[in-house]
Amino acid sequence: MLCYFLRRTLNMVPAFFITTFLLFAVIRIIPGDPAQAQFGERRIPEELRQSYAERYHLDESIPRQYVRYMADVFTLDLGESVASQRPISEIFREALPRTASLASLALLFVTVSAVPLGILAARRKGSALDNVFLFGSLVLLAVPPFVLGLAAQLFVAVRWEFFPVSGAEHGLRSYLLPALVIAASMLAINARLMRTSLVDATGADYLQTARAKGMSEGRVFRVHALRNAILPLLTMLAINFGHLLGGTIVIESVFNIPGIGYRVTRAIAQRDTTMITGISVFLVLVCLVINLMVDLFYAWLDPRVRHEG
Amino acid sequence: MKAERSGPTRSTDAADTLVDRLAQPSADHATSRDASRHHLTTGRTRTYWQDTWAALRVRPLFWVSLFLIVIFLGMAVAPSLFVWPSPSAGNPSGAYCNLAQSRQGPSSQHWFGTDVQGCDYYTQVTWGARVSLLVALMTTSLTLTVGLFLGSLAGYYRGWVDMVISRLAGGVFALPYLLGAIIILSVLTSDEGRRLWQVAAAMAFLGWPALVRLFRSTVLQVGSLDFVQAARSMGATDRRIILLHVLPNAVGPSLVYATMSMGVVISLEATLSFLGVGMPHDSTSWGVMVAQAGDRIEQSPHLLFFPGLYLTSAGLGFVLMGEQLREALDPRQR
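Chains as they are written, first to last, in this note's numbering: chain A, 1 to 309; chain B, 1 to 334.
Calculated directly from the structure, the hints in this document are not laboratory data. Accuracy of the hints is not assured; some may be wrong.
Unchecked claim - Covered stretches of chain B (chain A as the covering partner; in silico rule of three or more C-beta atoms under 8 Å from a C-beta of chain A):
| hint | region |
| --- | --- |
| 1 | 148-155 |
| 2 | 165-173 |
| 3 | 176-185 |
| 4 | 272-285 |
Said to hold, decoys possible - So the derived list for chain A, only partly shown, Cβ under 7 Å to chain B, looks like this:
| hint | residue |
| --- | --- |
| 5 | 18 |
| 6 | 245 |
| 7 | 249 |
Backbone N, C-alpha and C fix where the C-beta goes; we use that ideal spot for every residue, glycine too.
Extracted from the complex, chain A is given alone in its bound form (with noise of 0.2 Å):
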């Protein structure tokens, strides 16, 4: 166990350095100065964009800067925004809790709906039932996020005046309907992940067996084929996890909560270098991380697959 930990997690090293390089070099690539950009259509002035270029290191090379930005990174300076002048960590600090509860409250929506969902379609397999949840799934996975949550801003918001329509001052409120359009176009693939695991744990050989030696239908599904269906959950966190990132770009710019998805367009329209490049690093990392507890959970519980090559 201790040696598969090791080297799932030396294997993340690599991976982080290849993603984060290559994000890093797209970026400062990025059309016209990150200087001009904070002047429109003026000029600037030269010593000002002197000093622009001191202070963010633009005249070295990229490798040399992608150095540099790496250290500070690990001391836990992520620089300041270009546009707004002010440190990437204090806007973080602002904008992560908000989008912290978004996700989760997406999370919680779909999990106390997916799971029992699954459960129902998998025990009655091939039925009426099965076919609508199915096909149900199948439309909320073809629609997407944003009209959605239009959609859903348009009738339920301003309609019929249920949740706040947009932003982010009313407290939970402010987050529910946001929180279930990001939900609804999750749970096609968490309930058939749901139905399809259980589906072929209830056809194992296991199953009969503890059927032959007399134990109860219920029994037999509870302790046997649920626990079974278990280990596809936990790779469903980490499909859910890229899934819910998505799901908060697009959905905090629609309903106008400033988190962290929203920071990424607002950062991307104004072409705030440094913000983009600190909150992608950012979350290629917290992306890493969660993909090695899934990885590691998974070798604790799986004893087959820390074995394996």
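We have chain A already, so just place chain B on it with the hints.
For chain B alone, coordinates are given in the frame of chain A:
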């Protein structure tokens, strides 16, 4: 196969992983395909594809999805069949714009109402199918080609080739899909001059790692089977073995992947266009239409409803078809 499939998934992207997972049930193909080929010579048993067709045609949802796909493909190839009389070629909806009639609701004259510029919305929305399906088709074929090539190289040669390809795939995989697409598109292309192929290339760049995994594992599994060993011992070249013996086993999963991917990409392109990093503002893309409706959706909900309806139906057609294919191609489900 089971262990492989439920093994640790280094996945960060939902769309791809879904596709990846749904496209997976291929383990038994190697054997079942071979068996059916064998039976073919006796002339009594149906082939693998005949079996698949028999399983497909009894499913009502298969016909529903086929209907949707045919409609939208028709719309993309020959929009003039749906819009009558056909507008001028250069500016699809140019002939129908009347600024005095901006943002009118649906009527007998304008079935879907008019947009902000006073253009007939039915014409606009119908023409939107072309952009959407073209991007989806380009992205999917690009992803398939790259994934197929690199995946089979990695699975067949193993060793350092596998290591380099897998590392690279792992690096791209660590990049969250939507974030990656936004950064690549906004940085490498300008808002005004963005081309369709650039949008497709960006999505394909982020999508290939999932396919590399799929093909790599197929090749790894099949590569160790007896008939491949036999071919090798008879002196078949690597190329011949990969093309003739290994890859046919990946046809089923690729077909499922391609169909699902079409649906997912349609939705993604619209999302990117909506966020302003997809198709340029003057293009007839469903995402751009919704974005341009902007704050006026509240007063004119039809500006959201019709592109949204088309987007959903087109996406649904492909996703549903992928699902039907997946079940029909999987021998265990029969």
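Hints, one by one, checked against the model:
1. 148-155: violated (count 0)
2. 165-173: Contact hint for the region 165-173 of chain B vs chain A: holds, 6 residues under 8 Å.
3. 176-185: holds (count 7)
4. 272-285: Three-residue rule met by the region 272-285 of chain B, so holds; n is 4.
5. 18: This hint holds: residue 18(A) lies near chain B, its Cβ roughly 4 Å from the closest one there, short of 7 Å.
6. 245: Holds, because the Cβ-Cβ distance from residue 245(A) to chain B comes to roughly 5 Å (cut-off 7 Å).
7. 249: With Cβ-Cβ at 5 Å, under 7 Å, it holds.
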